[in-house]
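Number of protein chains: 2
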Amino acid sequence: MDVSEAIRNRRSVRKYQTRNIENDKLDRVLETGRLAPSARNLQEWRFVVVRDGSRRKRLAEAAKGQTFVGEAPVVIAACATVTDYVMTCGQLTYPIDLAIAVDHMTLKAVEEGLGTCWIGAFYEEEVKKVLSIPPEVRVVALLAIGYPDESPFPRPRKDMDEIVAFETW
Amino acid sequence: MDVSEAIRNRRSVRKYQTRNIENDKLDRVLETGRLAPSARNLQEWRFVVVRDGSRRKRLAEAAKGQTFVGEAPVVIAACATVTDYVMTCGQLTYPIDLAIAVDHMTLKAVEEGLGTCWIGAFYEEEVKKVLSIPPEVRVVALLAIGYPDESPFPRPRKDMDEIVAFETW
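Taken in sequence, the protein lines are chains G and C. Last residue of the first sequence: 443 in the working numbering, with the numbers rising by one and none dropped. Last residue of the second sequence: 443 in the working numbering, with the numbers rising by one and none dropped.
Only chain G is shown next, with the shape it has when bound in the complex:
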């Protein structure tokens, strides 16, 4: 599947089949996170892969009760291990670097016939408790992943001329 197609076909999937994800598929998804670029090649990420059902249920509770999080066969907690590096432009590297890695995984998942949902609505301290994540680490995203059991329509996007300017603002 080419890049454009994966980008066009990606959806936030909130309903999953009970079918599990094959290990080799999951490995290929994780590999695209591993290969992500990062500022100064910091690679300040660690991905906690959760398959255990009771743990996923507790993650769903930490995600404000979004039950589909517990129904996805796999939930990945995307964590940042270096959280104080600021680029000259004034931005912290870690939210950006983690976002690149997770984005790669969402697109590779589409290519593998899987669906994902990127979750930012969760209580970080609760997630850290469930997964024994050290205090100094930040959890940037939860990623639910599994075989989709729905085909949501794409959400509307702004027109190109609203989001692109030439030469100056």
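None of these hints come from the bench; they were simulated from the model. A hint or two may mislead.
[Unchecked claim] Think about it this way: if two alpha-carbon atoms lie no more than 16 Å apart in a straight line, the pair counts; the simulated EDC-like pairs of lysine to aspartate or glutamate are:
id	chain 1	residue 1	chain 2	residue 2
1	C	Lys289	C	Glu345
2	G	Lys403	C	Glu305
3	C	Lys432	G	Asp301
4	G	Lys402	C	Glu400
5	C	Lys432	G	Glu305
6	C	Lys331	G	Glu441
7	G	Lys432	C	Asp301
8	G	Lys338	G	Glu400
9	G	Lys432	C	Glu305
10	C	Lys402	G	Glu305
11	C	Lys403	G	Glu441
12	C	Lys338	C	Glu400
13	G	Lys331	C	Glu441
14	C	Lys403	C	Glu305
15	G	Lys402	G	Asp301
[As the list claims (entries may be wrong)] Some chain G residues near chain C, calculated using beta-carbon distances under 10 Å:
id	residue
16	Arg293
17	Asp301
18	Arg302
19	Arg308
20	Leu309
21	Val324
22	Val356
23	Leu366
24	Val376
25	Val384
26	Glu441
We treat Cβ as the ideally placed atom computed from N, Cα and C, and that holds for glycine.
Dock chain C against chain G, hints included.
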């Protein structure tokens, strides 16, 4: 080109051919940014596309004198228009959402035979002056883009077992 191949082949390219980028190619790259997912579908991005040579030179100066920025035929300033939305997990949406959009563009560029370099080392206020960007907007990244005139080796990556954990940290 499939997603894995684009991810494997992506490099930070710092040497470009003088050849310009065809408009339709650039449009297809920008389109993948337009289609990016964002928190609450905010789409809080605006991309300033710079082709003008003297303006690119000034961006290169703002990027701490990284001359290749002025040599790339196109530089895109990736800007955030909503900068105060914080998700439950404690993260601002804008660095993450902008990173997803820019990441899409870097991968689509590979598919189009183009190279990119994601730049975080720039003085934001200088860039804003050059491109007449309003004070309340944040410039999250500069993206140099053009036909590559070098094939850098991939930088080393951590092993999988260093960055992946199962069930708990």
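Hint-by-hint comparison with the structure:
1. For the given pair, C:Lys289 sits about 8 Å from C:Glu345 by alpha-carbon distance, which is consistent with the 16 Å threshold.
2. With a C-alpha separation of about 40 Å, the suggested pairing of G:Lys403 with C:Glu305 is violated against the 16 Å cut-off.
3. Straight-line distance between C-alpha atoms of C:Lys432 and G:Asp301 comes to about 15 Å, which keeps the hinted pair within the 16 Å bound.
4. A threshold of 16 Å between alpha carbons decides the hint, and for G:Lys402 with C:Glu400 the separation of about 39 Å lies outside it, so the pair is violated.
5. Straight-line distance between C-alpha atoms of C:Lys432 and G:Glu305 comes to about 11 Å, which keeps the hinted pair within the 16 Å bound.
6. Restraint check: the Cα-Cα separation between C:Lys331 and G:Glu441 comes to about 13 Å, which is no more than 16 Å; the hinted pair holds.
7. This hinted pair checks out: G:Lys432 and C:Asp301 have alpha carbons roughly 15 Å apart, not beyond 16 Å.
8. Between G:Lys338 and G:Glu400 the CA atoms are separated by roughly 10 Å; this keeps the pair inside 16 Å, and the hint holds.
9. This hinted pair checks out: G:Lys432 and C:Glu305 have alpha carbons roughly 11 Å apart, not beyond 16 Å.
10. As the CA atoms of C:Lys402 and G:Glu305 are separated by approximately 37 Å, the hinted pair breaks the 16 Å bound.
11. Simply put, C:Lys403 and G:Glu441 have alpha-carbon atoms about 12 Å apart, close enough for the 16 Å limit, and the pair holds.
12. A C-alpha spacing of about 10 Å is found between C:Lys338 and C:Glu400, which places the hinted pair at or below 16 Å, so the restraint holds.
13. A C-alpha spacing of about 13 Å is found between G:Lys331 and C:Glu441, which places the hinted pair at or below 16 Å, so the restraint holds.
14. Pair hint C:Lys403 plus C:Glu305 does not hold up; C-alpha atoms about 26 Å apart against a cutoff of 16 Å.
15. With a C-alpha separation of about 23 Å, the suggested pairing of G:Lys402 with G:Asp301 is violated against the 16 Å cut-off.
16. Contact between G:Arg293 and chain C, as hinted, is not supported at the beta carbon level, the nearest pair being about 20 Å apart and thus beyond 10 Å.
17. Checking G:Asp301 against chain C by beta carbon gives a least distance of about 8 Å; that is within 10 Å, so the hint holds.
18. A hinted interface residue such as G:Arg302 counts as satisfied when its beta carbon comes closer than 10 Å to some beta carbon of chain C; here the least separation is about 7 Å, so the hint holds.
19. For G:Arg308, the interface hint holds, the least distance from its beta-carbon to any beta-carbon of chain C being 6 Å, beneath 10 Å.
20. Checking G:Leu309 against chain C: minimum C-beta separation of about 5 Å stays under 10 Å; hint holds.
21. Evaluation of the G:Val324 hint against chain C yields a held restraint, the C-beta minimum of about 6 Å falling below 10 Å.
22. Because the smallest distance between the Cβ of G:Val356 and any Cβ of chain C comes to about 12 Å, over 10 Å, the interface hint for this residue is violated.
23. The beta carbon of G:Leu366 is positioned within 10 Å of a beta carbon in chain C (closest approach about 7 Å), and the interface hint is therefore held.
24. Hint status for G:Val376: holds, given a least beta-carbon distance of 8 Å to chain C, under 10 Å.
25. A cut of 10 Å between beta carbons decides the hint on G:Val384: the least distance to chain C is about 7 Å, and the hint holds.
26. With a least beta-carbon distance of about 6 Å to chain C, the hint placing G:Glu441 at the interface is held under the 10 Å criterion.
When held up to the earlier numbered hints, the structure conflicts with 2, 4, 10, 14, 15, 16, 22 and fits the remainder.
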